[in-house]
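Protein chains: 2
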Amino acid sequence: MTDAQYFEQTPTGSIDRGSLTSTALSLAGLDTHEVVEILERLPPHRAAVLYRLLEKDRALAVFDALEPAIQADLLAGLRADEVRTLFASLDPDDRAQLVDEVPAKVAVRLLEDLPPADRQDTAEVLGYPSGTVGRRMSPHFANVHPDATAAEALDLVRAQARRAETVYSVVVTGSGRELVGVASLREIIASDPTVRVSELMSEPIFVEATEDAEKAAHLLVDHAFLLLPVVDTEQRLLGILTLDDAAQILREEADEDAARAGGAEPLRRPYLSTSVFRIAKSRVVWLLILAISGLLTVQVLEIFETTLDQAVVLAMFIPLLTGMGGNTGSQAASTVTRAIAVGDVRSSDVGRVFLREVRVGFVLGVLLGSLGFLLTAVFYNLPTGIVIGTTIVSVCTMAAAVGGVMPLIAKAIKVDPAVFSTPFITTFCDATGLVIYFSIAKAVLGL
Amino acid sequence: MTDAQYFEQTPTGSIDRGSLTSTALSLAGLDTHEVVEILERLPPHRAAVLYRLLEKDRALAVFDALEPAIQADLLAGLRADEVRTLFASLDPDDRAQLVDEVPAKVAVRLLEDLPPADRQDTAEVLGYPSGTVGRRMSPHFANVHPDATAAEALDLVRAQARRAETVYSVVVTGSGRELVGVASLREIIASDPTVRVSELMSEPIFVEATEDAEKAAHLLVDHAFLLLPVVDTEQRLLGILTLDDAAQILREEADEDAARAGGAEPLRRPYLSTSVFRIAKSRVVWLLILAISGLLTVQVLEIFETTLDQAVVLAMFIPLLTGMGGNTGSQAASTVTRAIAVGDVRSSDVGRVFLREVRVGFVLGVLLGSLGFLLTAVFYNLPTGIVIGTTIVSVCTMAAAVGGVMPLIAKAIKVDPAVFSTPFITTFCDATGLVIYFSIAKAVLGL
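As you go down the protein sequences, you meet chains A and B in turn.
FYI, in our numbering the residues of the first sequence are 1 to 447.
FYI, in our numbering the residues of the second sequence are 1001 to 1447.
So here's chain A without its partners, still in its complex pose (with noise of 0.2 Å):
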C-alpha cells in the first residue's frame, strides 16, 4: 500500500516545524487525499497557513474533499477573492452544506457573488429543507431521450462528461423532463449501436426531493445504484443524488450513531481539531440527562434503607449485579440498533424482539447465576448464594428484553434508537435491577 506507505514517512510534526518551502514541496509530494488528512488533524488556524501553500488546482481539489466545519474555518482565514473562487468550484450541494456552517451573514455575501447560473443552481438546492435529499442533490446530471439510439447516447454522455457528477448511469427523460428511466453506460456501450435507449433502460427507482436524505442513501447504496434519480411531486427530474454524496451521508450517519450510542452528540468535525470546550459541549446534556435519572438509583436505595442497615454485606453486590444487567441490557440493544439500522428488523418486530431476548437473557442468566450461586453459596452463605443466584437469573432476563425493545420503541416514537442505548439502558436497568434485588433479599433473608 504505497502512498499509505508514503504517508506515514511524513508525520505532520515535521510539517508544522519545517520552513515553509520546504513544506510546500512535502506537500507537492502527497495526494489529495492525504493533504485533506493532514488539514483535518490541525487547530484552524494552522490548517489555514498550510492551505496556502497549495498550488492552485491542487487547493479547490483539497477544499472540495474537506468537511464543510473544517472548509467554513478555513474560508475565515483568506482573502475576499480567494473565498470566491473556492465558492463558486463547489458543486451546488456541497456549496448548500457550507452555506449551513458559515454565519448567517457571510452566507449572504457568498451567495451575492456567484455567477448567475451558479446561484440558481445553489437556490434551487438550498429550497429545501436540511436533511432532505434535495437539500444534497446535484443538478449536474447526464441526461439523453428515450428515443435516441446506442449510438447517439453515447454522443450526447461525451457531450456531458465533462460537467456531469457521474456519467456512468444516464438518466432517462421525456421531453417534459418527466423521469421515465435509468440507463447504464455499461448497457449503452455494449448494445448495438442502432438499438434505441428505451429498449435498454431500466424502471427508475427514484426519490422526491422532500424524502429523507438518509432513506434515500440507503436505498441508493442497498440497490448497489451508482445515482439515483431525485423528482418532484409530478415526476419531472430535479436532480441526481450520487453515490459519492450517499457514502458522505451514511458517514455523517454513522460518526452520529457511534456518538449517541457513547452518550454523547457528534462532534461533526475532526476530533483533534476540535476545542475542549466544543467536547465538553458534546457531553454534558446526555451526561446531565444520566445522572439526574441516576438520582432514581439513590432514591431506590434510600427505600430499602433499613434492608441495607440489617444487611451491609449486600451493598457489596451492587456494582456487580447493576454492572451485569447493564451489560447485558447493553448488548441487546446494540444488537436490536444494529439490526433496525441494516434493515433485518422493523417497529412490527417488537414482538418477537421481546420473545426472543427473554430466552436469550434467561439462557444467559441462568449460566451467570449458578456461576454466582456457587461462589457466594462457598465464600459467604446459602442465603446469600440464593439471592444472588436468583437476582443475576431476574436481572439478565429483565435487561435483555429491555434492552432489545427499547430501540424499537425509540424507533416507534420517532427518536433515534441510538440514543436509547447503552446509557440510557443501563441506567434503567441500574435502579429496576436494584428493586429486584433488595425485593428478592428481603424474602429470602426474612428482613
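Simulated from the structure, these hints should not be mistaken for lab results.
Bear in mind that the values here come from a model prediction, so they are computed numbers and not experimental data.
Possibly wrong hints are sitting among the right ones.
Claimed, not checked - Quick list of simulated restraints, FRET-style, between CB atoms:
id: 1; chain 1: B; residue 1: D1222; chain 2: A; residue 2: E302; range: 50 to 56 Å
id: 2; chain 1: B; residue 1: R1046; chain 2: A; residue 2: L445; range: 47 to 53 Å
id: 3; chain 1: A; residue 1: L295; chain 2: B; residue 2: P1383; range: 18 to 24 Å
id: 4; chain 1: B; residue 1: Q1310; chain 2: A; residue 2: N381; range: 19 to 25 Å
id: 5; chain 1: B; residue 1: V1106; chain 2: A; residue 2: G351; range: 34 to 40 Å
id: 6; chain 1: A; residue 1: R352; chain 2: B; residue 2: K1105; range: 33 to 39 Å
id: 7; chain 1: B; residue 1: R1196; chain 2: A; residue 2: V195; range: 26 to 32 Å
id: 8; chain 1: A; residue 1: R163; chain 2: B; residue 2: R1196; range: 20 to 26 Å
id: 9; chain 1: B; residue 1: E1234; chain 2: A; residue 2: E265; range: 46 to 52 Å
id: 10; chain 1: B; residue 1: E1265; chain 2: A; residue 2: L374; range: 23 to 29 Å
Said to hold, decoys possible - Over 12 Å on every C-beta distance to chain B, these chain A residues come out as not near it, computed from the model:
id: 11; residue: S26
id: 12; residue: L27
id: 13; residue: E55
id: 14; residue: A76
id: 15; residue: A104
id: 16; residue: A107
id: 17; residue: V108
id: 18; residue: E112
id: 19; residue: G131
id: 20; residue: G174
id: 21; residue: S175
Unchecked claim - Coverage of chain B stretches by chain A, computed from C-beta distances (three or more under 8 Å per stretch; other residues unrestricted):
id: 22; region: 1294-1301
id: 23; region: 1339-1345
Using N, Cα and C, we set each Cβ at its ideal position, and we do this for glycine too.
Given chain A, put chain B in place with the hints provided.
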C-alpha cells in the same frame, strides 16, 4: 419512495400464510433487493421454500445478493443440480466467501463440480488467507495497453463489458501484465479519440494481495475510486477490488464494531433468522469476562467494609457515582474509537488525547460535581456534600482520561479498539471509582 412503499404493503406475514401460487405471483412484483430482505427475515427452512418459487434468472440474482451465511443455509435445502448451477453463477470472490460458510466436505464437492476455468479463478482467490484483499478480489476486470488510443480503448472495453465486474475504471497493464496505471471510462470517452491511454491514465494506487481487506476497502472508499488494483509482489496485476465488495467489507466491519461496542461478537447473519442459542453464544464470553472483572468491585467494597458499616448512607450513592464514571468513560471511548476508525487519530496521538480528555473530564466533573455538592449538602449534610462533590470531579476526570486512552492502547497492542469500549471501561471505572469514593469519604468523614 415508491418501491419502499410497495414493500410496506406486502408484509412477510401474508406471504408466509398465502398459497404457493399467489406467493409466487406476489414475489414477481417485488424487486431483487426486496426479495432478499424478505428471505433474510425468515427462518432457514421457510426461506428455502420461498426461494424455490422464484423464476430462474431472478433466483440467480437473489442468491448473488444474499449474505454468505444465508446462501449456505439455502444450499442445504436445494437439489444437487440446483446447487451446481447457483454455485457456478457466482463471481469467484463471492464463491470463496460461500466456501467458508459450508461444511468442508460440501465445499470440496462444490469446487469439484465447477467448470475448469471457474475452478481455477476460485482456487486463485482461495489461495489467499481469509481477511486478505486477495480473498475478496475479482479476477474479472477490463484492461487495456498504455499504447492503445482512446478509440481503441473504448472498443476493448466494449469487448470486455459482459464479463468484467466494472468497466467504469479500466486497468492499464503492460505486456508482462505489470500494472502501469488506471484510466477512467469518463476520460476515455471525453478525450480526443486519437489520444493514447498512457496520456489519460493516472498513477495507480494499488494493494498487494496479502494486504488486510479492511485497509484496502478504506483506501478505495477514502479515495472515492471505483476499483483498486490488486497485485503480486512483482506488481503484476492479479485482480481488482470493486466498490461493491469494498462496501460489503466495510459493512461487515461496521457490524463487528457495533456488536463489540455493545460487548458481543457479531452475529454474521440477520437477527431474526438467528437462533436464540446462537445469539446467547455471541454474548456469553464477553458477559463472563465482564462478570469476572466485576468481582473486582466486590473485593474493593470488602476492603472498605468497616467504612460502609460506619456510614451506610455511603452505599446509596454507589450506583450513581459508578454510573457517572461509566458514562463519562464510555463517551470518551466512543469518541476516540470513532476518531480512530475514520483516521482522525493515530496511536502516536496518545499524549494529545490524554491531555484533551483530562481537561474535558475535569470541565464536566466540575459542572456535575457542583450540582452534586449542592443537592447532597442540602438534602443530607455538608460533609456528605463535600465527599460527593469531590468524588464526582475526580471520577469524571479519571474516567474521561481512561476512556480516551484505552482505545489507543488497544490499537497499539493490536486488539480491536471497539472491544475496549463501553462495557469494559464501565467495569474498570466502577472499581477505580469506588476506591476514589471511599478514600475521599474516609478522609473527609474521618472514619
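Task: Distance restraint hint 46 to 52 Å, applied to the beta-carbon atoms of E1234/B and E265/A - done: 50 Å, holds
Open item on the list: Verify the CB-CB distance for R163/A and R1196/B against the hinted window 20 to 26 Å.
Closed with: 25 Å, holds
Open item on the list: Quick check: does the Cβ-Cβ distance between E1265/B and L374/A fall within 23 to 29 Å?
Closed with: With Cβ atoms ~26 Å apart, the hint holds.
Task: chain B versus S175/A - minimum CB to CB distance exceeding 12 Å, so not interface - done: 22 Å, holds
Open item on the list: Is the coverage entry for the region 1294-1301 of chain B by chain A consistent with the three-residue Cβ rule at 8 Å?
Closed with: holds (count 5)
TODO: Can you take a look at whether the region 1339-1345 of chain B is actually covered by chain A? Rule is 3+ residues, C-beta closer than 8 Å.
DONE: holds (count 6)
Task: Cβ distance range 33 to 39 Å for R352/A and K1105/B, holds or violated - done: Given about 34 Å between the Cβ atoms, the range holds.
Task: Q1310/B paired with N381/A, Cβ distance criterion 19 to 25 Å - done: Roughly 23 Å apart at Cβ, these two residues keep to the hinted range, so it holds.
Open item on the list: Is the claim that A76/A lies outside the interface with chain B correct, judged by CB distances over 12 Å?
Closed with: 21 Å, holds
Open item on the list: If I claimed the Cβ atoms of R1046/B and L445/A lie 47 to 53 Å apart, would that claim hold in this structure?
Closed with: 49 Å, holds
Task: C-beta pair L295/A, P1383/B: status relative to the range 18 to 24 Å that was hinted - done: Holds, at about 20 Å.
TODO: Against chain B, does E112/A hold up as non-interface, every C-beta pair farther apart than 12 Å?
DONE: The assertion about E112/A holds, with a minimum of 31 Å to chain B.
Checked against the numbered hints given earlier, this structure breaks none of them.
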